[in-house]
Amino acid sequence: MALLEVEDLQTHFRTPDGINRSVDGVTFSIESGQTLALVGESGCGKSVTAMSILRLIPEPPGKMAGKIRFMGRNLLDLSDKEMRGIRGNDISMIFQEPMNSLNPVLTIGRQIGETLRLHQGLSQKEAEQRAVDMLSRVGIPEPTRRVGEYPHQLSGGMRQRVMIAIALACNPKLLIADEPTTALDVTIQAQILDLVRDLKTDIGAAILLITHDLGVVAEVADRVIVMYAGRKMEEASVPELFANPKHPYTEGLLGAIPRLGSSLRGATARLSEIPGMVPNLKKQIDGCLFSERCYKATDICRKIAPGLEEKAPGHVAACHYASKEMVPA
Amino acid sequence: MSTIEVHSPIDPSKLAVVHPLPDVLEPRKSRRLLIGFFMGHPAIAVGALLLLLMFCIAILSPYLGTMDPTQLATWKRTRPPSAVNWFGTDMLGRDIYSRVLYGARISLVVGFSVAFCASVVGLAVGLVSGMVRWTDGIIMRAIDGMMSVPPILLAITLMALTRGSVGNVVLAITIAEMPRVARLVRGVVLQLREQPFVEAAITAGTNMPLIIIRHVLPNTLAPMTVQATYICASAMIIEAILSFIGAGVPPVTPSWGNIMAEGRSLWQVKPYIVMFPAFFLSLTVLAVNLLGDGLRDALDPRLAKRV
Amino acid sequence: MSPLLEVNGLKKHYSLGRPLFGHSREYVHAVDGVSFHIDKAETLSLVGESGCGKSTVGRAVLRLFPITAGEVRLGGERIDNLSAGRLRNMRRKVQVVFQDPVSSLNPRMRVRNILAEPIKNFGLVRSRAGLNARLDDLMKKVGLPADALNRWPHEFSGGQRQRIGIARALAADPELIVCDEAVSALDVSVKAQIVNLLQDLQRELGLALLFISHDLAVVEHMTHRVAVMYLGKIVELAPRHELFARPRHPYTVALLSAVPIPDPKAKRSRIILKGDVPSPINPPKGCRFNTRCPFVFDRCRSEEPELRPVEEGHLAACHLNDQPVSESQLRGVEAMARRIW
Numbered sequence: 001m002a003l004l005e006v007e008d009l010q011t012h013f014r015t016p017d018g019i020n021r022s023v024d025g026v027t028f029s030i031e032s033g034q035t036l037a038l039v040g041e042s043g044c045g046k047s048v049t050a051m052s053i054l055r056l057i058p059e060p061p062g063k064m065a066g067k068i069r070f071m072g073r074n075l076l077d078l079s080d081k082e083m084r085g086i087r088g089n090d091i092s093m094i095f096q097e098p099m100n101s102l103n104p105v106l107t108i109g110r111q112i113g114e115t116l117r118l119h120q121g122l123s124q125k126e127a128e129q130r131a132v133d134m135l136s137r138v139g140i141p142e143p144t145r146r147v148g149e150y151p152h153q154l155s156g157g158m159r160q161r162v163m164i165a166i167a168l169a170c171n172p173k174l175l176i177a178d179e180p181t182t183a184l185d186v187t188i189q190a191q192i193l194d195l196v197r198d199l200k201t202d203i204g205a206a207i208l209l210i211t212h213d214l215g216v217v218a219e220v221a222d223r224v225i226v227m228y229a230g231r232k233m234e235e236a237s238v239p240e241l242f243a244n245p246k247h248p249y250t251e252g253l254l255g256a257i258p259r260l261g262s263s264l265r266g267a268t269a270r271l272s273e274i275p276g277m278v279p280n281l282k283k284q285i286d287g288c289l290f291s292e293r294c295y296k297a298t299d300i301c302r303k304i305a306p307g308l309e310e311k312a313p314g315h316v317a318a319c320h321y322a323s324k325e326m327v328p329a
Numbered sequence: 001m002s003t004i005e006v007h008s009p010i011d012p013s014k015l016a017v018v019h020p021l022p023d024v025l026e027p028r029k030s031r032r033l034l035i036g037f038f039m040g041h042p043a044i045a046v047g048a049l050l051l052l053l054m055f056c057i058a059i060l061s062p063y064l065g066t067m068d069p070t071q072l073a074t075w076k077r078t079r080p081p082s083a084v085n086w087f088g089t090d091m092l093g094r095d096i097y098s099r100v101l102y103g104a105r106i107s108l109v110v111g112f113s114v115a116f117c118a119s120v121v122g123l124a125v126g127l128v129s130g131m132v133r134w135t136d137g138i139i140m141r142a143i144d145g146m147m148s149v150p151p152i153l154l155a156i157t158l159m160a161l162t163r164g165s166v167g168n169v170v171l172a173i174t175i176a177e178m179p180r181v182a183r184l185v186r187g188v189v190l191q192l193r194e195q196p197f198v199e200a201a202i203t204a205g206t207n208m209p210l211i212i213i214r215h216v217l218p219n220t221l222a223p224m225t226v227q228a229t230y231i232c233a234s235a236m237i238i239e240a241i242l243s244f245i246g247a248g249v250p251p252v253t254p255s256w257g258n259i260m261a262e263g264r265s266l267w268q269v270k271p272y273i274v275m276f277p278a279f280f281l282s283l284t285v286l287a288v289n290l291l292g293d294g295l296r297d298a299l300d301p302r303l304a305k306r307v
Numbered sequence: 001m002s003p004l005l006e007v008n009g010l011k012k013h014y015s016l017g018r019p020l021f022g023h024s025r026e027y028v029h030a031v032d033g034v035s036f037h038i039d040k041a042e043t044l045s046l047v048g049e050s051g052c053g054k055s056t057v058g059r060a061v062l063r064l065f066p067i068t069a070g071e072v073r074l075g076g077e078r079i080d081n082l083s084a085g086r087l088r089n090m091r092r093k094v095q096v097v098f099q100d101p102v103s104s105l106n107p108r109m110r111v112r113n114i115l116a117e118p119i120k121n122f123g124l125v126r127s128r129a130g131l132n133a134r135l136d137d138l139m140k141k142v143g144l145p146a147d148a149l150n151r152w153p154h155e156f157s158g159g160q161r162q163r164i165g166i167a168r169a170l171a172a173d174p175e176l177i178v179c180d181e182a183v184s185a186l187d188v189s190v191k192a193q194i195v196n197l198l199q200d201l202q203r204e205l206g207l208a209l210l211f212i213s214h215d216l217a218v219v220e221h222m223t224h225r226v227a228v229m230y231l232g233k234i235v236e237l238a239p240r241h242e243l244f245a246r247p248r249h250p251y252t253v254a255l256l257s258a259v260p261i262p263d264p265k266a267k268r269s270r271i272i273l274k275g276d277v278p279s280p281i282n283p284p285k286g287c288r289f290n291t292r293c294p295f296v297f298d299r300c301r302s303e304e305p306e307l308r309p310v311e312e313g314h315l316a317a318c319h320l321n322d323q324p325v326s327e328s329q330l331r332g333v334e335a336m337a338r339r340i341w
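Chains as they are written, first to last, in full-length UniProt numbering: chain A, 1 to 329; chain B, 1 to 307; chain C, 1 to 341.
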């Protein structure tokens, strides 16, 4: 049994001008020790999926349906109290903007200790000691001095390290990282990715990585799900997806990224564009959600929405035409 | 690496299709624009409705079964509410129902005039202070000085210098309330002038007066409208207080503050004299505040978060 | 012939205000002596991390604030000390595209009025018909339907808004466009559209671009020459191929190696810089990079390296490029640079 199994998750929001189907039937699972990336452009539902797993969707205007089984229990059936026992303990989260998720008037030692005392019943003293351990584990120099400091005294990269320390303090079984490096500078991003890679091997937790950056996916993830307009379009192992993308949207994404070092391999080619834009999720769309922008789309695509199909071992995609490719003899 | 696209005719029966999922939220019938707006913003709907009611009362007061609100009738002093005098009569025998209905005129006139005047003056002061940097220090210190005195005290002081009339009351309260608008507008302007679209306008060769009129001013109107409603409510209360302590409109004029002042000494035996105007004043202030809160939510996208 | 834009010794210091006690005012050294030039129809990119001063340089070129020291020349003429009236004429030649597609368009103006503003201000058309023809032409250039002119900014997506922003910059018929992180806020698929659009427009109209970005991959795709900034100074400036193939400053090497590459098979050695960028209020003595440099030696802490040519057209500010430095150290940077690819 997988650690987390999400089945037909739907998260919809009521808005003044219609129902927004932010996530509409997403199914996936994560094993312990695995890093799964949810990748897609803004509005594809990747962050909403993460918030849904933690049950952080405000109801109303939102509403969730489907199943989210974590260690065998459906999180959507739990009471708010039971859910609070899971959040920050079994499942923890790292956000994009560390400054907004840290409390500015508490020392970082208190903030790390808080979760430990709450969930694991440690005493003040033990919690403090653990906080120092956690800080040194996430690579913060002089941890004994730093535990007494406040968030504003730290730089952006340091704050993100503190967030990671808080998230890991209770030895979570699942860590959700929502764009953990997007707000950081590239050299700091490299430090944090390096840290995540190191920690990944020794914490043994499953990581759900939410990002728009395929470069980050390639660096740290094992499996990857490409989302578009609230649906899963493709899922594969990371090497497989980059080497052999099946869905035209994934192909388009990979072609649209400017590559570092391209000028060294001769003249830089024009970036491939995906024409048009994301469809309005408040309207009923019968066919494939990507058909308007897809170079392969035919009438069938516009009428019948493709389901997920295994196109290669461990590689699924939702496209009528994806499996029809063959290498000429 | 060359791959061939084989667009062989697809057999529709063999296609993998998305299995249909039920609707999570029941679709609601979309309503006509205006009704839909009021359904989405109940505070605006209730506030506007109540305020409309007050306006109707104020305008139509002669036709709502009232008598002359200033007519003295000493032989029927302090009568309790009855079929003839619905809200009873005051110490001078005047009909309280008529006085309360006519009193709506004063409150609304004062409230809205002050809101308008304070907004216009405050907007001008705030714009100058925010856009012309060297005036900022001088203007803001003056505003700080004005704001260090509670508006009600400032209004009382100003009224003490002149005689009571509706015009003077409006002027006094406007002066007392203007700094709040000026402060707000200056804050908004300071944010706006850093906005890329303002910098783009500078790069596009637009001169300063046009930048203010075209790019800054229109974007201050939404927060200012909200502020204006609060000032309107506050002005109504200040007007009532001024009249209550005898520093407002002349006592013969039917104003809610005046009526309450007259009933004050009889509060323990004839509470209705104070109750009726107080109730109308509260209701009007509530209506204006509801409208303000509703507008703030509707105009400020950060507060009215839509997913 | 003089280059289109010349920036010499540009400095911009912000005062933090007088402290309550004590007497010395503190200054943020946002830009501290930056010189470069841009030729006609050329793209120069300014790259660096947040706080390095790259945006401040762009805004100084746009004359959005007075500069502290140095000079800015456009077509040979000094523009940093022009009076308001003469400045207006210069403004037409330098336009801007901002990062945030939401806040760069006035929400209370229709697209038509947004685009007509520079055209009217600079008196570029004589008649109403001329204006309409020009507006239609602009829409065509940036790939938007003509009926977009009558709509409001909030009706458009981020990518379309960015197209409107580009159309506004083009409306003034400029010679140089400052692109301040112009594609950074956009999604991958839309970013590609805008990058392609900018390249097409540059080729078609012979525009020069000052392309300010933190994204080295986009920069490599777009640019002719690159200037790398660190703490208010240019540390390396070189033609694209030179800079990406043979970086001569350790910071450039570290930047290049830090970019995640969307290829799980790429095995690169990575230089992970320790620590954070120091405060621009009290920049380090000597070389500004000495607190994080993996190759630091004594001279770096005392003497500030000058930005000087290391090859034809390739400038770098690092003591390692000087002759007296030992062979092994020099080999260090080059070896590092080679290994990141």
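Because the hints were derived from the structure by calculation, they are not lab data.
Treat the hints with caution; some may be incorrect.
[Said to hold, decoys possible] Just so you have them, the derived chain C footprint on chain A, three or more residues with Cβ under 8 Å:
| # | region |
| --- | --- |
| 1 | 65-76 |
| 2 | 206-214 |
| 3 | 236-250 |
Model, not experiment: these values are computed from the prediction.
All C-beta atoms, glycine included, are put in the ideal place defined by N, C-alpha and C.
Hints, one by one, checked against the model:
{"no.": "1", "hint": "65-76", "verdict": "violated (count 0)"}
{"no.": "2", "hint": "206-214", "verdict": "holds (count 3)"}
{"no.": "3", "hint": "236-250", "verdict": "holds (count 4)"}
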